[in-house]
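If you read the protein sequences in the order shown, they are chains G and P.
Note that the first sequence ends on residue 497 in the working numbering; no numbers are left out.
Note that the second sequence ends on residue 99 in the working numbering; no numbers are left out.
A hint or two may mislead.
Computed from the model, here is a short list of chain G residues facing chain P with C-beta under 7 Å [unchecked claim]:
#, residue
1, G98
2, G196
3, G232
4, P235
5, A238
Here are the in silico distance ranges between beta carbons for each label pair [to be verified]:
#, chain 1, residue 1, chain 2, residue 2, range
6, P, L59, G, A18, 37 to 43 Å
7, P, R64, G, R58, 46 to 52 Å
8, G, G411, P, E23, 18 to 24 Å
Partial chain G-side listing against chain P, Cβ under 8 Å, derived [what the hints assert, rightly or not]:
#, residue
9, E6
10, V100
11, V327
12, A380
13, Q480
The set of hints was computed from the structure by calculation and includes no laboratory data.
Positions of the beta carbon are idealized from the N, C-alpha and C atoms, including for glycine.
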Amino acid sequence: MSAPHEWSATRIAAAVNAGEISAVEVLRAQQAQIERMEPEVGAFLSLTAGLAQEQARRVDEAVAAGRRLPLAGVPLAVKDNMCLQGTVTTAGSKILAGWVAPYTATAVARLLEAGCLPVGKANLDEFAMGSSCENSALGVTRNPWDLRRVPGGSSGGSVAAVAAREAALATASDTGGSIREPAAFCGVVGMKPTYGRISRYGLIAFASSLDQIGPIARTVEDAASMYDVMAGHDPMDATSLPRPVEPTARALRDDLRGLRVGLVREFDTKGLGVEIDAVYRRAYEQLAALGAEVVEVALPHAEYGLATYYLIAPAEASSNLARFDGVRYGLRVDGGSVQEMYGKTRAAGFGPEVKRRILIGTYALSSGYYDAYYVRAQKARTLMASDFERAFAACDLIACPAASSAAFEFGAKGDDPVAMYLMDYYTIPMSLAGLPALSVPCGFAGDGLPQGRELPLGLQLVAPLYEEARLFGAAHAYEQATRFGLDRVPPVLEGVR
Amino acid sequence: MSSGSGIDVRYVARLARLDLSEEEAVLYQRQLDRLLEHVESLQRLDVSQVAPTAQVVPLTNVLREDVPVPSLDRAAALAGAPAREGPFIRVPRIIEEQE
Numbered sequence: 001m002s003a004p005h006e007w008s009a010t011r012i013a014a015a016v017n018a019g020e021i022s023a024v025e026v027l028r029a030q031q032a033q034i035e036r037m038e039p040e041v042g043a044f045l046s047l048t049a050g051l052a053q054e055q056a057r058r059v060d061e062a063v064a065a066g067r068r069l070p071l072a073g074v075p076l077a078v079k080d081n082m083c084l085q086g087t088v089t090t091a092g093s094k095i096l097a098g099w100v101a102p103y104t105a106t107a108v109a110r111l112l113e114a115g116c117l118p119v120g121k122a123n124l125d126e127f128a129m130g131s132s133c134e135n136s137a138l139g140v141t142r143n144p145w146d147l148r149r150v151p152g153g154s155s156g157g158s159v160a161a162v163a164a165r166e167a168a169l170a171t172a173s174d175t176g177g178s179i180r181e182p183a184a185f186c187g188v189v190g191m192k193p194t195y196g197r198i199s200r201y202g203l204i205a206f207a208s209s210l211d212q213i214g215p216i217a218r219t220v221e222d223a224a225s226m227y228d229v230m231a232g233h234d235p236m237d238a239t240s241l242p243r244p245v246e247p248t249a250r251a252l253r254d255d256l257r258g259l260r261v262g263l264v265r266e267f268d269t270k271g272l273g274v275e276i277d278a279v280y281r282r283a284y285e286q287l288a289a290l291g292a293e294v295v296e297v298a299l300p301h302a303e304y305g306l307a308t309y310y311l312i313a314p315a316e317a318s319s320n321l322a323r324f325d326g327v328r329y330g331l332r333v334d335g336g337s338v339q340e341m342y343g344k345t346r347a348a349g350f351g352p353e354v355k356r357r358i359l360i361g362t363y364a365l366s367s368g369y370y371d372a373y374y375v376r377a378q379k380a381r382t383l384m385a386s387d388f389e390r391a392f393a394a395c396d397l398i399a400c401p402a403a404s405s406a407a408f409e410f411g412a413k414g415d416d417p418v419a420m421y422l423m424d425y426y427t428i429p430m431s432l433a434g435l436p437a438l439s440v441p442c443g444f445a446g447d448g449l450p451q452g453r454e455l456p457l458g459l460q461l462v463a464p465l466y467e468e469a470r471l472f473g474a475a476h477a478y479e480q481a482t483r484f485g486l487d488r489v490p491p492v493l494e495g496v497r
Numbered sequence: 001m002s003s004g005s006g007i008d009v010r011y012v013a014r015l016a017r018l019d020l021s022e023e024e025a026v027l028y029q030r031q032l033d034r035l036l037e038h039v040e041s042l043q044r045l046d047v048s049q050v051a052p053t054a055q056v057v058p059l060t061n062v063l064r065e066d067v068p069v070p071s072l073d074r075a076a077a078l079a080g081a082p083a084r085e086g087p088f089i090r091v092p093r094i095i096e097e098q099e
């Protein structure tokens, strides 16, 4: 019989609710696994053993009292840009090293109420800015499929933890692809909901018009269950949608009959290389074999996605990160005047990528450039949203790659920021349009690895606004038919270094 | 795009209250020039008839009843401050003393 850290969240919750195993026992197995994996993988910036223990006891008491919790005893990794009261919450930045969150993010609080055990705070690119997790100022996370490669980013710790069975579920956040690209790199399921579906209260802000929290899991069903717990209106977030949430875990499907799946004319995969191109072609064929009607759609402005995003997101970041000035929290470097203190604190506290984005964002918002850059990018954003509206008149879902390659080696992108930004070519347009989208494992690529070693790839599915149930439903049908994410485990679990 | 002579990294860094070393200024100048080159592609778009999108979900002026609710405890809010004095956060002098 397998150990509970290998189980799905659904199975753990069922077993704990049925009294077959206690949450305390689940946690013990989980912590042993974390101890085995962490020296290799490094998914966490800090472990929260005390909190997890306390929560496990609370869950066991609730179950003993006859309550059933949707995620009873399920080990959870929390991305370290989300507040969890009493835990060090850093956003992967030196400027917040050692800062203890005085309250808990709504999404995390809902998961705890549902019975999750918070085992640790997961690594990320500093302030969620990056596509490889290499921008974390506080730790290195390795890809469980090949330890010489990055886990993707920014939610690198979250996906590595779930892939290495260090947690069944993880919270993540996505601004331009930070859930979907790393999920693809580590062979797990990662989903970004419609903008406003999940409260951002307690999420350390990067780009507020784009940031969205979402689930990471090893199965579509687990991701759907986690989403169902997190989603829904929260008065603490003014952008939170005041509309009912359709439960998605009950809407999972086994086929795609009656669905029109759109393939994007502009997203030809030939440029991704013969091997990866073949994987996506087969994935699209499998969608048709499952009963979907495959149609071609156009996103004529998608090619402007990167340029649009790299004005809007840094502009919002430069404003959001103005709060890190050495006054109210985090690092302070003393100076003779307040101005000097600001300049020195921010120079010492922020890493290179964050500084670059603050600079470009400040520039795009500065007098004389605001209309030429920021407003123009906002207009391009309108064009992109209209593209999707037209596309979804002809199809029910869009299918495309989740990233521009498989996981790459550390340092591979050098010091050219645009090379790194290109990783998010396929995810940024959906973020700008606020659409729900997910990545589900769709095959493997050798990418020059020795015989028998391969890296996972992710298929991105995209739905119209608010159609999360359709999205999860279709992803489940694809996952169950292909089993790419279900049958193979990362080599690190078998002791391969 | 009327980007003129491009980004003056030192000037922008001052606006952002971000001290830069010599090396950083040189590196970021090069990298940001490269990024601006990339975003110049937006110049090709005709956006004369397009309204800007701030965010995609149709919500405006979200208000709630003006009812007091519990907020973060003062001691908890102050606990993360780098320098405190009583119920205050301590900062360097902002206003000069008068003669």
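TODO: Run the structure past the numbered hints and jot down the numbers of the failing ones, going up.
DONE: 1, 3, 7, 9, 13
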